[in-house]
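> These are the residues of each chain, in order.
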Amino acid sequence: MSGLLEVRNLSRRYAVRGGVLGTARRTVTAVDGVDLSVARGETVGLVGESGCGKSTLARCVAGLERPSAGRVLYDGREMDDPQVRDNLPRLIQMVFQDPFSSLNPRRSVGFSVAEGLWAMGMGDRAARRERVMELLDQVGLLPEYADRYPHQFSGGQRQRVAIARALATNPSLVICDEPVSALDVSVQAQVINLLGDLKARLGLAYLFISHDLAVVGHISDRTAVMYLGRIMELAATDTIMGSPAHPYTQALLAAAPLPDPARRRSARTPLAGDAPSLFSPPPGCVFHPRCPEAMPECAVSSPQLLETSPGHFVRCLKETP
Amino acid sequence: MPDTLLSVFDVRTAFHTAEGTAVAVDGVSLSLARGETLAVVGESGCGKTVLGLSILGLVQPPGRVDAGRVLFDGTDLRTLSPDAMRRVRGNRISMIFQEPMTSLNPVLRVGEQIAEAIRLHRGKSRREALAEAGRMLSLVGISDPERRLASFPHELSGGMRQRVMIAMALCLSPDLLIADEPTTALDVTIQKQILALMLDLTAAKGTAILLITHNLGVVAETCDNAAIMYSGQVAEYGDVPSLFASPLHPYTAGLIRSLPRPGDKTRLAAIPGTVPSLTRLPRGCRFHPRCPRAFARCHSEAPPTFRMDAGRLVRCWLHTEAALETLP
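Line by line, the protein sequences are chains A and B. Here the numbering used here is used: position 233 in the first sequence is 233, and no number is missing along the way. Here the numbering used here is used: position 281 in the second sequence is 281, and no number is missing along the way.
Hints in this document: simulated from the structure, not taken from any laboratory. Be careful, since some hints might not be right.
Under the rule of at most 25 angstroms between Cα atoms (straight-line distance), these lysine to aspartate or glutamate pairs were calculated in the DMTMM-like manner [said to hold, decoys possible]: (1) B/K124 x B/D144; (2) B/K124 x B/D175; (3) B/K265 x A/D212; (4) B/K265 x A/D260; (5) B/K265 x A/D221; (6) B/K124 x B/D83; (7) B/K124 x B/E112; (8) A/K318 x A/E49; (9) A/K199 x A/E178; (10) B/K205 x B/D239; (11) A/K199 x B/D264; (12) B/K265 x A/D238; (13) B/K265 x A/E42; (14) B/K205 x B/D224; (15) B/K265 x A/D197; (16) B/K265 x A/E178; (17) B/K265 x A/E49.
Sample of chain A residues with no beta-carbon within 10 angstroms of chain B, all distances over it, derived [to be verified]: (18) R59; (19) L64; (20) E65; (21) A69; (22) V84; (23) F100; (24) S101; (25) R107; (26) F111; (27) D137; (28) Y149; (29) D260; (30) F279; (31) P283; (32) T320.
Some chain B residues flagged as far from chain A (calculated, every beta-carbon gap over 10 angstroms) [to be verified]: (33) P61; (34) A67; (35) T79; (36) H319; (37) A323.
Heads up, the beta-carbon is just placed ideally off N, CA and C, and yes, glycines get one too.
The following block holds chain A by itself, in its conformation from the complex:
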């Protein structure tokens, strides 16, 4: 496996107006010094609660937002390199949570699926039509559905259309931002299976973002856990699920309700409090106010993301030698 995507020390800050007259300026750091890589054909999961910066990171990687600092390398080239910039739709595509708001309600789904091909000047009208049929078939929809409109589809089918559109330009990397969160359980499994099949058939790499640890754990080769803009732990998915080192990862796993009444864990104390505001991140380790294992020094010194065993990165003072 060779590196397809390299994210190096990426930060994204926003200036926010505040105060009574809207003149006070404050800065919010949504993503703070993230390092992450995705190899060709690999699925990297990005898990975290709302406001942890996972979607902002995805948008920076997809070129929808400019990072405030740090670099995004695609196949070893900078995002600004004309070879990357001018071909971005052919390299990276995105699938969003709500397919209803990402598909044009006034256009047939065939048009929406073909739009990327048209914009990139790929093929003539007949060739594009043929490609649309092939794509719809690939995502498990009937080719004649090309002439239907988004409202004629169920949520699961719309997400299949969104996936077909993302695949139209043959990207190597697809960023999936909560792609199954809006779907019912039975349909969610269909879409997860489809994403797995497409990966196997087309050799796709995914950056798979979700708040649902079970879904990420099912689909990802490696998993990164984010909290307040930082990666707290990154390892092979089996390690994250089986022997997590960071107290936050452990808390997330313990909080996810298991569909198994024999293993009821209501006795475990839940993590206390809310995630702190991005406006005033706590000093020291950002997780320390909620951490059940916090030590006095966690409030003052900010831990680095360190490789504690090969391929296993943890940002925690108790793992720092």
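Fit chain B to the given chain A structure using the hints.
Just chain B now, with coordinates in the frame of chain A:
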């Protein structure tokens, strides 16, 4: 039968629209004992929310409860006048919804909103009611309750707003709490806190809970019994351990198998197809087009509800022989 608090008999709630009649709840019967936690589980459009609203008498036109009885502590709520029903709601039955921001008044301070219920239903003075509201806020784990009484809803986080809702719902010590997806909009670590809080407070006062949810994990961790709904009907009912260990209905089995589990990478057993539209229901069993075990009878004849061992109920032809009784 243990001390029954609520029994719903053959309730039918339909939406009468220009495009036709959609029967959202079609002959649902359930019962709930005092202090029990019952889950009503299903996917979107299965009728679980409308069932909750039907019990509360809150179905809005073009929807209407067309038939059935809702016996609450011996009284049929459907026969009560709107005024009498209003006294039952809040006082004896209260509710929590998914999105607290839509149930809280954005321009009223949190304390006023909790105190209002206490004043209206308990006839306390404003000062007494506010003091009681403060005690409720600290009971639901809100730090600095005195200050929070004066907060507006937008100044609180999602988890805190849901705590306020729980404080409002439980301040009058109701016998029944109907909670419709109370933690769906929350992060998992907050969900865990809110569920634990809801269970602790209701257990302390013997409040029964009707928990409406799509999340089987939440059901497994919190409920005594569960009813699985599909297309407006109860497909299966039983105690939660048996339901998960040996589901009787192929739909229940399919739902449980389709869930991803952390650390398990085998291909998911998805249920094919989608939930049918309520205005174009399939003939026979409503689940048969998606059912891996459907046979000839399922295509033509809708199954009745069978009573099985251990008080379990199932609406499926596979259980004709093992059934103890066929319910009318």
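> It remains to establish, for every hint, whether it holds in the given structure.
Status of the hints after comparison with the structure:
1. For the proposed pair B/K124 and B/D144, the alpha carbon gap of about 23 angstroms is at most 25 angstroms, so the pair holds.
2. Proximity of B/K124 to B/D175 is assessed by CA-CA distance (about 20 angstroms); at most 25 angstroms being required, the pair is judged to hold.
3. Using a Cα cut-off of 25 angstroms, the hinted pair B/K265 and A/D212 holds, with the two alpha carbons roughly 15 angstroms apart.
4. Proposed proximity of B/K265 and A/D260 is supported: the alpha carbons are some 17 angstroms apart, at most 25 angstroms.
5. Taken as a hint, the B/K265 and A/D221 pair is honoured in the structure, with Cα atoms around 10 angstroms apart against an allowance of 25 angstroms.
6. At roughly 20 angstroms between alpha-carbon atoms, B/K124 and B/D83 fall within 25 angstroms of each other, so this suggested pair holds.
7. As the CA atoms of B/K124 and B/E112 are separated by approximately 13 angstroms, the hinted pair is consistent with the 25 angstroms bound.
8. This hinted pair checks out: A/K318 and A/E49 have alpha carbons roughly 23 angstroms apart, not beyond 25 angstroms.
9. Of the supplied pair hints, the one linking A/K199 and A/E178 holds, its CA atoms being roughly 17 angstroms apart against a limit of 25 angstroms.
10. At most 25 angstroms may separate the alpha-carbon atoms for a hinted pair to count; B/K205 and B/D239 meet this at roughly 22 angstroms.
11. Our distance criterion of 25 angstroms between C-alpha atoms is met by A/K199 and B/D264, whose separation comes to about 18 angstroms.
12. Restraint check for B/K265 and A/D238: the C-alpha separation of about 10 angstroms stays at or below 25 angstroms, so the hint holds.
13. Distance restraint check for B/K265 and A/E42: the Cα-Cα separation of roughly 15 angstroms lies within the 25 angstroms cut-off, and the hinted pair is therefore satisfied.
14. About 17 angstroms separates the Cα atoms of B/K205 and B/D224, which keeps this hinted pair within 25 angstroms; it holds.
15. Note on B/K265 and A/D197: the hinted pairing holds, with a Cα-Cα distance of about 13 angstroms set against a maximum of 25 angstroms.
16. Taking the CA atoms of B/K265 and A/E178, the gap is about 19 angstroms. The hint holds against a cut of 25 angstroms.
17. Of the pairs offered as hints, the one joining B/K265 and A/E49 holds, with about 23 angstroms between alpha carbons and a cut-off of 25 angstroms not exceeded.
18. Every beta carbon of chain B lies more than 10 angstroms from that of A/R59, the smallest distance being close to 20 angstroms; the non-interface claim holds.
19. A cut-off of 10 angstroms between C-beta atoms confirms that A/L64 is not in contact with chain B; the least separation is 24 angstroms.
20. Residue placement check: A/E65 keeps its beta carbon more than 10 angstroms from all beta carbons of chain B (closest about 23 angstroms).
21. No beta-carbon of chain B is positioned within 10 angstroms of the beta-carbon of A/A69; the least distance is around 27 angstroms.
22. Under the 10 angstroms C-beta cut-off, the non-interface status given to A/V84 relative to chain B holds; the minimum distance is some 32 angstroms.
23. In this structure A/F100 is separated from chain B by more than 10 angstroms, as the shortest Cβ-Cβ distance comes to about 13 angstroms.
24. Against chain B, the non-interface label of A/S101 holds: every CB pair exceeds 10 angstroms, the least being about 17 angstroms.
25. Every CB of chain B is more than 10 angstroms from the CB of A/R107 (nearest about 23 angstroms), matching its label as outside the interface.
26. Every Cβ of chain B is farther than 10 angstroms from the Cβ of A/F111; the closest lies at roughly 23 angstroms, confirming the non-interface assignment.
27. The beta carbon of A/D137 is kept farther than 10 angstroms from every beta carbon of chain B, the shortest such distance being approximately 17 angstroms.
28. With a least beta-carbon separation of about 17 angstroms from chain B, A/Y149 lies farther than 10 angstroms from that chain, consistent with its non-interface assignment.
29. Distance check on A/D260: its Cβ comes as close as 6 angstroms (rounded) to a Cβ of chain B, failing to clear the 10 angstroms threshold; non-interface status is violated.
30. With a minimum CB-CB distance of about 13 angstroms to chain B, A/F279 clears the 10 angstroms threshold, and the non-interface call stands.
31. Non-interface call for A/P283 relative to chain B: holds, since the shortest CB-CB distance, roughly 20 angstroms, exceeds 10 angstroms.
32. Distance check on A/T320: its Cβ is at least 24 angstroms (rounded) from any Cβ of chain B, clearing the 10 angstroms threshold; non-interface status holds.
33. Even its closest Cβ contact with chain A, about 24 angstroms, leaves B/P61 beyond 10 angstroms, as expected for a residue assigned away from the interface.
34. Non-interface call for B/A67 relative to chain A: holds, since the shortest CB-CB distance, roughly 28 angstroms, exceeds 10 angstroms.
35. At the 10 angstroms boundary, the C-beta of B/T79 stays outside the reach of chain A, the nearest C-beta of that chain being 36 angstroms off.
36. With a minimum CB-CB distance of about 21 angstroms to chain A, B/H319 clears the 10 angstroms threshold, and the non-interface call stands.
37. With a cut of 10 angstroms on Cβ distances, B/A323 stays outside the contact zone with chain A, its closest approach being about 24 angstroms.
Hint 29 alone, counting from the list given before, is not met by this structure.
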